[in-house]
Every structure is written in C-alpha cells, then in structure tokens.
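Trainee: Here is how the chains run, residue by residue.
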Amino acid sequence: MSLLRVGSSVAIIALAVIWTVIVLAAESQWQVLAALVVAAVAIFAFSRMRAGRDLAFTLNDSGPSIIAIIPLAVLVVAFAIHQDHFQLMMLASVLIYGIACVGLTVQFGYAGVINFAGAAFFGIGGYTAAVLGSTGVPSLLTLLAGGLTAAMIGCIIILPVLRTKGHYAALITIAFGLLFRSFLEVNHTLGGPQGLKVEGASIAGRSLLNGIQLGTLEPSFYFNYVLLALAAFTLFFLLARNLEKSWIGLNLDAVREDTIGASVFGINVAAWRIFAFVAGNFLIGVAGALFAMMQNFIAPSNFTFSDSLLMLSIIVLGGIGNLWAVLPAAILVVVLPEKLQGIGEYRIFVFAILVVLVLRFRPAGLFPRSMRQFRREVGQ
Amino acid sequence: MNQLFSARDVSVRFGGVHAVDNLSLDIVEGSITGLIGPNGSGKTTFFNAITGLCKLAGGRIAIDGQEIGGLQPREIYGFGVTRTFQRSRLCLSLSVFDNIVIGRQNALDLGLIGNLLRRRRFNEAVRENHERVHALLMAFSEPLARRIFDPLHSLSMIDRRRIEVCRALIAEPRLLLLDEPSAGMTPDETREFMDDILNVRKNNPRMSIVIIEHEMDLMQRVAERCVVLNYGRMVADGTFETVVADPWVQEAYLGTS
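So the protein sequences, as listed, match chains A and B.
Just so you know, we're using our numbering here: the first sequence kicks off at 119 and counts up by one.
Just so you know, we're using our numbering here: the second sequence kicks off at 261 and counts up by one.
One should not assume that every hint holds.
Which residues of chain B face chain A? A few of them, derived with a C-beta cut under 10 Å, are [claimed, not checked]:
1) 311
2) 389
3) 480
4) 484
Quick caveat, the hints were computed from the structure, so don't treat them as lab data.
The C-beta atom is built at its ideal place from N, Cα and C for all residues, glycine as well.
The shape of chain A in the complex, shown without the other chains (with noise of 0.2 Å):
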C-alpha cells in the first residue's frame, strides 16, 4: 500500500469529518443547503478521481484494524460538538440508526432477504426496554434482550416469507409492520397510543444521565450516549464485516444472486435466509431498544411505515451491502431533515429530490459496494 494512497484516503476522510461538523452545527437552512450541493459535488468528483477509489480499495481491502478510523472519526466530531445537546442527541440517532441498517445490510444486502418493516423490529426492541426498564435488569442486557425479542419475533413471520417470492415477500413484511402498529395503539398495557416511559441507560451503576468529566470539558450527557451508540455500532461493524468476508457471507451472496444455482450446489438456501433474517432483526432490535433509552419515551408513531422506509432508503442511497456506505448516508438521510427544519414540509421535498437523483444517476448507491477480495489473505 502507498504512502499516497493512504495519504488521499486520510484526506478524503478529514474532509468527510470537517463536512459533518459544519452541517450538524449549521444554524441556517442556507449552509445546509450549500453543504448538501458540495457533498453531491465532492461523491461525483472523487467517484471519478483515482483517490476515491483508492479509499475504497483501502478500506475494502485491509484487515480488521482498518475499522479503527470509525471511532475514531465518530469521536473528532462528537468532541467538536460536545457542548450541545441536540447535535450531540443527532449523531448518537445516526449511528443508532446505522446498527440498524447494519442489519438490514446484512438481510438485504447480503440474502437478499426484503424487510419493510425495520421499524417494527426497532419498536418491539423499544418497547422490550420499556418493559425492562423498571425491572432493575441491567442496560447492556436490556439491549440484549431487546435484540433478541425482535430476532424472535421475526421468526414468526419468516415462514410466510420463505413461503413467497419477490413482491409477495415484500408485502407480508409491510402487512407486519402495519400491524405491529395497529396492535400497540390497541395494547393498553404497553400505553395505548399515548406510548410509555422508558428508564434511561446506566453503565456499572452509573446513569448515563449524568454527564462525564474530561479533564476540563463537561459534555452534555447524550455525549455519553454517542460512546454508548458508537461502541455498540463498531463491534457490529466488525461481525458484519466479518461475516461478509467469510464463507458465510459467501454463501449469502450465492443465495441472493441464484437461488437454484446455490441449492444444486449443496447450499441450504432457507437456512440462510433465516439465519440472515433472524441475525439483522437482532441488530435491529439491539439499536431499538438504545433509542428507546436514549429517548426516555416510545409511542407508536416512532415506528411507523415511513420509519422503515426511511431506514431502508439509508441503505439504498448509500449503496446496498456497503457496510462503509451505511454511516454517511444515515448522516444524509437522519441530519438533513431535522436541519431543514425551518423550510416546513419543503425538506421532504428535498430529501425526495435527493433520493430520486441519486437513484437515476448512481442507481448502485453514492459508494456502491466493491467486490469480496481475497487478494490479502493469500498474500498477493
């Protein structure tokens, strides 16, 4: 690997995290706006320049150590805006939002295995924390539980799906989400439309509400809630990543891309998409129930249709099955509405402009994913 090549990729990557300090603290629709026209520039401009893709191949390509530069551009930017909650409260929603479409990268990306109804499976994690919230169990196995209720739960509705093909898949995933919905505003035990409280995290005995001290700086306590937010996706990060660079991910992609040509050659193809199914609902409900903490209250319409369309269009305009897309366009897609705020319902006019350009000219997604290289582990 070249010295330059590193170089261009640090740089690129210094840029990417200047670029998300100035929009998270963007008091103005018109910086955001202007920030949004220079990011649109800057995709076009290194996607052709041999830099972007030497960043690609950079990251694609080297070991497990390469996922250091996520917590660690993650905590420049966090400590760039340790003052302010509602900055501070929007990344640690990106990278609650990334697990989350880790999982569905892993289900969609991978198998090929639909699911339009990613915002159920965040809402049954929300709601298990509720739940769990005043029982006295600890956070970190809330979170668990919360991730495998959801895995659960998603079981039940992987028969009818494994059952089905193409669109038809597609809508018993949506009939699900719908109903989830319906079935909380009915439920008068879990609070009916009017949703419920949920215990804030605490970590060894300590509530996350009670802010850090750094040397002299005294963040806000969502600051506490990014590391919890980050330590979580970057372990996350590197199981899928993993998994993708393994047989298993091999096989996935077999799966996705043939069915019948995977069963003739020895492959479980339902078996896969199960496991796929079952282990991204995890992820899913993991990221759910840290909302749900993080938020202090749930309600059903946290987890409504547009919620899980809005999830999947992270993974689409990233680029489906790039793990590395993921990040950045939850920034894109989690930021830019709560910062164009003050153009009212104009921001979903943009945001659909956005998606719709995207979609016609880099139909793959902004960084489309590269191919499973072994070149590294044979030493070539």
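Got chain A sorted already, so can you dock chain B onto it with the hints?
Mentor: Just chain B, lined up with the frame of chain A:
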C-alpha cells in the same frame, strides 16, 4: 466397470405434457455419455430431474444403488452429482475465485465462530482453497488462472463456461452433468473446450460425465456412447456412428432421410 448411476422408468410431467416419459438409463463409472435430441425432447428436464430441480411423476433414480429421487437439490449434491446449466448460473458480481469455491460446500463449513471470530484459521482455509482453485484453473488455461481474483463479468463466454465446469469439478463429483456447454461459443472456442473436457476426463478417470450437446463434432469426439431422446423417450442408444446411422434418429433429429 462398476455401475454408478441408474434411472428406472423416470417420468416428469408439466401439466399434460410428458417431458420425460418412462426413461431408463444406466451409466458406468468413468464413462462419457452424450445426450442428444431435438429441442423440447426432455434432455434438460432429465438433468433437472436428476439434480432434484423438478419433481418426478414416477420412476426411481439411484447413485451407487442409493435412491436419490425426490431428495432436495442440496441433498443430491451430497451424493456427488454436480452440473452446469445451459444458461450459466454464475454469480456475475463475484470474483472468479468466489464462483468456483462456492462449489466446495463441505470445505466451507466452519461454523459461525470459525467464520466470524477465528480469523487466523479462516485465512488458512482461504489459502488452502486458493491453492486448489488455482490448480484446477491451471488445468484449463494459464491466462485464466492469473485472473483468479477478477470479477466474473469481465470474462469471455468460453472462460465463463470453464468457470462453471470448475465449480462443478472442485467438489470432486462422481457424476458431472454438462448442459450444452458449447452454447454461445464460437467454433474455435468449442474445439478448445473439447480438449478441456478430454483433459478433465484424463485427470478424473473414475468420474462419469453426461453431456447434452447440439454440436455434432464435439459429440463425435468426446462421447463414447450416445443416447438420443425424442418426446421424452429414448429412441436410440449406442456409439455415435451407430446412432447417427439409425433411421429413427435421421428422421427425428437430423430431419433428413
């Protein structure tokens, strides 16, 4: 010679159509059998029936005396039956290496922990598989072996066919089914590919090959035995020369008398 494969009165129906009709065929170890017949005569359907992709309406199929009729495709793979497809079923978005190594399922079973966490051992497994895939490719073509990590979609038709055959060979099957391997190739490529098939046979003397082909030159050169199907039934069986001389075949397949 030991008998490897046996089909008894195999029938496949699509609605009222008898795609394969009471077909019986025995194949001995280490043979190359050609399967010919006009379009729609049930050749590919017979392959699909053997590999479990379509349901049998009747009859029995056995490998080494063990019944495989009615099993799932992936279970039949476990009996050492692999195949290629008329329209190739390779994964275009993956590399040459990935496309071939996928055929070696029993070597890829490391469990969740072995795949995700024990990466040093996994990397050893990659190296071991890489050596095998590379050696297999070298037997076909050295320039192709150098492209082992290239994306599949960058390859020519003959190289894609070779990759498909490699994927079917890497698991060391006992019965290899080739469905019209020359489709989409130029005459030169077809001749080159014939040499490849004869080479495969030389390296795997105990493996049996069944090949569906329209290209008569190829058939004449590689097939020791020719079976002719028409309307799902066997109409002739013998060496290429005797089969081609058969008046039934002249009428049904070659269309002249």
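Trainee: Does each hint hold? Answer for all of them.
Mentor: Consistency of the hints with the structure:
1. 311: 5 Å, holds
2. 389: 9 Å, holds
3. 480: 29 Å, violated
4. 484: The hint is violated - residue 484(B) has no Cβ within 10 Å of chain A, the shortest such distance being about 26 Å.
Violation of the numbered hints given earlier is confined to hints 3, 4; the remaining hints are satisfied by the structure.
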